[in-house]
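Engineer: Chains as they are written, first to last, in the working numbering: chain A, 1 to 259; chain B, 1 to 259; chain C, 1 to 259.
Treat the hints as calculated values from the structure; they're not laboratory data. Ideal Cβ positions, reconstructed from N, Cα and C, are used throughout, including at glycine. One or more hints might be untrue.
Label-pair ranges, simulated between beta-carbon atoms [claimed, not checked]:
#, chain 1, residue 1, chain 2, residue 2, range
1, B, Leu-213, A, Lys-221, 46 to 52 Å
2, B, Thr-101, C, Gly-197, 33 to 39 Å
3, B, Gly-239, C, Ser-58, 54 to 60 Å
Below 35 Å or equal to it, Euclidean Cα-Cα: the simulated DSBU-like pairs (lysine-lysine) are [claimed, not checked]:
#, chain 1, residue 1, chain 2, residue 2
4, B, Lys-162, A, Lys-221
5, B, Lys-137, B, Lys-198
6, A, Lys-198, B, Lys-212
7, B, Lys-137, A, Lys-223
8, B, Lys-223, C, Lys-212
9, A, Lys-104, B, Lys-162
10, B, Lys-223, C, Lys-221
11, B, Lys-215, B, Lys-249
12, A, Lys-221, A, Lys-68
13, A, Lys-251, B, Lys-162
14, C, Lys-104, B, Lys-212
15, A, Lys-162, C, Lys-18
16, A, Lys-212, B, Lys-162
17, A, Lys-162, C, Lys-221
18, B, Lys-162, A, Lys-137
Example chain B residues on the side facing chain A (calculated, C-beta under 8 Å, incomplete) [stated by the list, open to error]:
#, residue
19, Val-45
20, Asp-113
21, Phe-117
Okay, here's what each chain looks like letter by letter:
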Amino acid sequence: MKFNNRNVFISPKATIGKNVRIGDNSVIYDNVVLEDNVTICNDCVIGEPLSNYYTDDSYENPPTFIGKNAMIRSHTIIYANSTFGEGFSTGHRVTIRENSTFGKFCRIGTVSDIQGFVEFGDYCWLHSNVHIGQQSKIGNYVFIYPYVVFTNDPHPPSMICKGPTIGDFSQVAVGTVILPSVNIGKHCLIGAQSLVGKDAEDYQLVAGNPAKLIKDVRELKSKETGNSHYPWPYHFERGMPWENIGFDKWKIENGYEND
Amino acid sequence: MKFNNRNVFISPKATIGKNVRIGDNSVIYDNVVLEDNVTICNDCVIGEPLSNYYTDDSYENPPTFIGKNAMIRSHTIIYANSTFGEGFSTGHRVTIRENSTFGKFCRIGTVSDIQGFVEFGDYCWLHSNVHIGQQSKIGNYVFIYPYVVFTNDPHPPSMICKGPTIGDFSQVAVGTVILPSVNIGKHCLIGAQSLVGKDAEDYQLVAGNPAKLIKDVRELKSKETGNSHYPWPYHFERGMPWENIGFDKWKIENGYEND
Amino acid sequence: MKFNNRNVFISPKATIGKNVRIGDNSVIYDNVVLEDNVTICNDCVIGEPLSNYYTDDSYENPPTFIGKNAMIRSHTIIYANSTFGEGFSTGHRVTIRENSTFGKFCRIGTVSDIQGFVEFGDYCWLHSNVHIGQQSKIGNYVFIYPYVVFTNDPHPPSMICKGPTIGDFSQVAVGTVILPSVNIGKHCLIGAQSLVGKDAEDYQLVAGNPAKLIKDVRELKSKETGNSHYPWPYHFERGMPWENIGFDKWKIENGYEND
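Chain A with its partners taken away, still in its complex shape (with noise of 0.2 Å):
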């Protein structure tokens, strides 16, 4: 019933996989790829023009690649000119601007605009409405929570393009805001509504407004159980890829073995 193909536009200029599933109102661009057994839900564009498209005519699409399984929900726009790997998800009403590249994996919640010409890397999650500006970089297995905004002018307005850096398992908590060029080390946490505008280094946790440094992650202690919680690998797997085989082992198997 949802796949029946009612207002569908599909470029000739687009290469589509097998099982490739395109919901009504849908439109995908030209030099568009999806790759086998991709869902596209009602309502999505896939492969916006960019913004010469509206004034150049000899304009031509910059390709977009999907990965294979992936499921992009309704509502959804992706401009041209990225790139998101094997098993990508997104939400409803997500905006991906140009110039992004996302790794496997990767979940994109409801509402939440990526602004382009940013960097992800693999399993990163990113929840409801988070913004997401220019010019950042995230490592893999970085998750991010709702209403979380990542900025990039040190003084607005100013020509200045400077995103904050995320490394690899660290966490930002709901409502904060990470201020422009700002590094985040690998495990760290960053708490809820917090205003981050100085470095952290790795198994930070920082919280406030502005935001100063707490404790080690590692110190943290669940409130439920009474043991320490972080690095969160230890004890949350589903949809991660050591689920089923421990953190310890799938680090000594994947290169993560001093992390």
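Position chains B and C against the provided structure of chain A, taking the given hints into account.
Structural biologist: Okay, now just chains B and C, sitting in the frame of chain A:
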């Protein structure tokens, strides 16, 4: 002009009451019930199937019930398996996930995102861009203002999911984050841009980052009148069931005399 | 390819200028005027009827005016009874309620929500996900960054509606809440993640939760250059009317010599 049945899809398994209007490009899925006088504006999805719809050939859509006189504004997405009482209304681009229960005369503002598995009483008004995490439980006559977020994971990421609880008549001001499993009493006022990690007793004003008890709301004077504004139902009645009869009379008639 | 008139509805009572382009699935309601060279992208609603449209059989749609060269990106909803000057543009999924006035060359970012009954001068740039409450009044050359909220009810809920006022050239940084009836002067800078409850004089930098006066913006040095960055029009001219001639010359020519 608006309800001209262009590009509308209504499942033959949906139940449509009298005088129901459905806007262009909208989709009504299987097992949706729209009671009399419901208005669904353009580009809506009602009864969005759950995720196993995409993978399970024997999927059957669970029921979705929208009570009489509801007004669902354009671009709203409502998942299956939820119930909405009489007089429910939404702004534009609202997303409501599965297993949500709303009482009578609730309103949800533009772009708000209800993550599902939540329970709302009657006459709850959510303004624009409110985010309600799973397992939240909200009483009656609760108002939630823009960019408020209700969270549920105390140690992200974990498998724990414990949302906040909010008592009748409480108000949560703009930009505030309520942390997991926090209990807010009745007639509370939570100040703007707060980070609320502790419970609040009935009639408390709490505010700040981190939020602290400021005073009893009954001690708070209106800048305009110099008089107490709280409990607010004595001073605000538009759209409330005590409109024209006053809060005291209504309380007696409705079993709230001890509040 | 984009403007191929699939599933477009244009009221016979709308007035469409020369070289206007209207995207797929878009609706242009009664009494909308689109001046020459306006571009409306896909899935937009222009001139959305006011709420009594749904209940009043004699409803007549008030006029909506969109000036020449405007660019309205996809999924934007603009209510009737508003006016937009030359060169107006929006990102995606913008919502603009009725009785809004925008001067020339204003820009509104993706997902922003303008609640109506507001007044903007010329060259105002709103970034993504800005929320402007009713009765706000914004000057010229004002920039507002993501997740900023302008509020208007000092004692929620009440029948009072008094929005903030912002002077020319002021900047409101990311994640900030401006409380009701606050007056911000000219050339101010409001820091990120602030809660602003007090007025700010011209040239003040205010920041924090609650926001306090930090210093005169002219004392603020750029980390990159070591020089003053504010007043910013001396250092930023892209898209501004003083581009290529400089702010001093432009001020003299435009009656701003005393600012």
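Engineer: Each hint needs a verdict: does it hold in this structure or not?
Structural biologist: Status of each hint after checking the structure:
1. Hint check: Leu-213 (chain B) to Lys-221 (chain A), Cβ distance near 26 Å, so the stated range 46 to 52 Å is violated.
2. As the Cβ distance of Thr-101 (chain B) to Gly-197 (chain C) is approximately 37 Å, the hint placing it in 33 to 39 Å holds.
3. Checked against the hint of 54 to 60 Å, the C-beta distance between Gly-239 (chain B) and Ser-58 (chain C) comes to roughly 24 Å, which is inconsistent with it.
4. Our distance criterion of 35 Å between C-alpha atoms is met by Lys-162 (chain B) and Lys-221 (chain A), whose separation comes to about 17 Å.
5. For the hint pairing Lys-137 (chain B) with Lys-198 (chain B), the CA-to-CA distance comes to about 16 Å; that is within 35 Å, so the pair holds.
6. At roughly 26 Å between alpha-carbon atoms, Lys-198 (chain A) and Lys-212 (chain B) fall within 35 Å of each other, so this suggested pair holds.
7. For the suggested pair Lys-137 (chain B) and Lys-223 (chain A), the alpha carbons sit about 21 Å apart, so the restraint of at most 35 Å is met.
8. Restraint check for Lys-223 (chain B) and Lys-212 (chain C): the C-alpha separation of about 21 Å stays at or below 35 Å, so the hint holds.
9. The hinted pair formed by Lys-104 (chain A) and Lys-162 (chain B) meets the criterion: a straight-line CA distance of about 30 Å does not exceed 35 Å.
10. For the given pair, Lys-223 (chain B) sits about 38 Å from Lys-221 (chain C) by alpha-carbon distance, which is inconsistent with the 35 Å threshold.
11. Between Lys-215 (chain B) and Lys-249 (chain B) the CA atoms are separated by roughly 27 Å; this keeps the pair inside 35 Å, and the hint holds.
12. The straight-line distance between the Cα atoms of Lys-221 (chain A) and Lys-68 (chain A) is roughly 39 Å, outside the 35 Å bound, and the hint therefore fails.
13. Restraint check: the Cα-Cα separation between Lys-251 (chain A) and Lys-162 (chain B) comes to about 31 Å, which is no more than 35 Å; the hinted pair holds.
14. A distance of roughly 45 Å separates the Cα atoms of Lys-104 (chain C) and Lys-212 (chain B); the hinted pair therefore is violated under the 35 Å criterion.
15. Pair hint Lys-162 (chain A) plus Lys-18 (chain C) does not hold up; C-alpha atoms about 41 Å apart against a cutoff of 35 Å.
16. For the suggested pair Lys-212 (chain A) and Lys-162 (chain B), the alpha carbons sit about 27 Å apart, so the restraint of at most 35 Å is met.
17. For the given pair, Lys-162 (chain A) sits about 17 Å from Lys-221 (chain C) by alpha-carbon distance, which is consistent with the 35 Å threshold.
18. Our distance criterion of 35 Å between C-alpha atoms is met by Lys-162 (chain B) and Lys-137 (chain A), whose separation comes to about 32 Å.
19. About 7 Å separates the beta-carbon of Val-45 (chain B) from the nearest beta-carbon of chain A, less than 8 Å, and the hint is met.
20. The interface hint given for Asp-113 (chain B) holds, since its Cβ lies 5 Å from the closest Cβ of chain A, which is under the 8 Å cut-off.
21. Taking 8 Å as the C-beta contact cut-off toward chain A, the hint placing Phe-117 (chain B) at the interface is violated, the least distance being around 15 Å.
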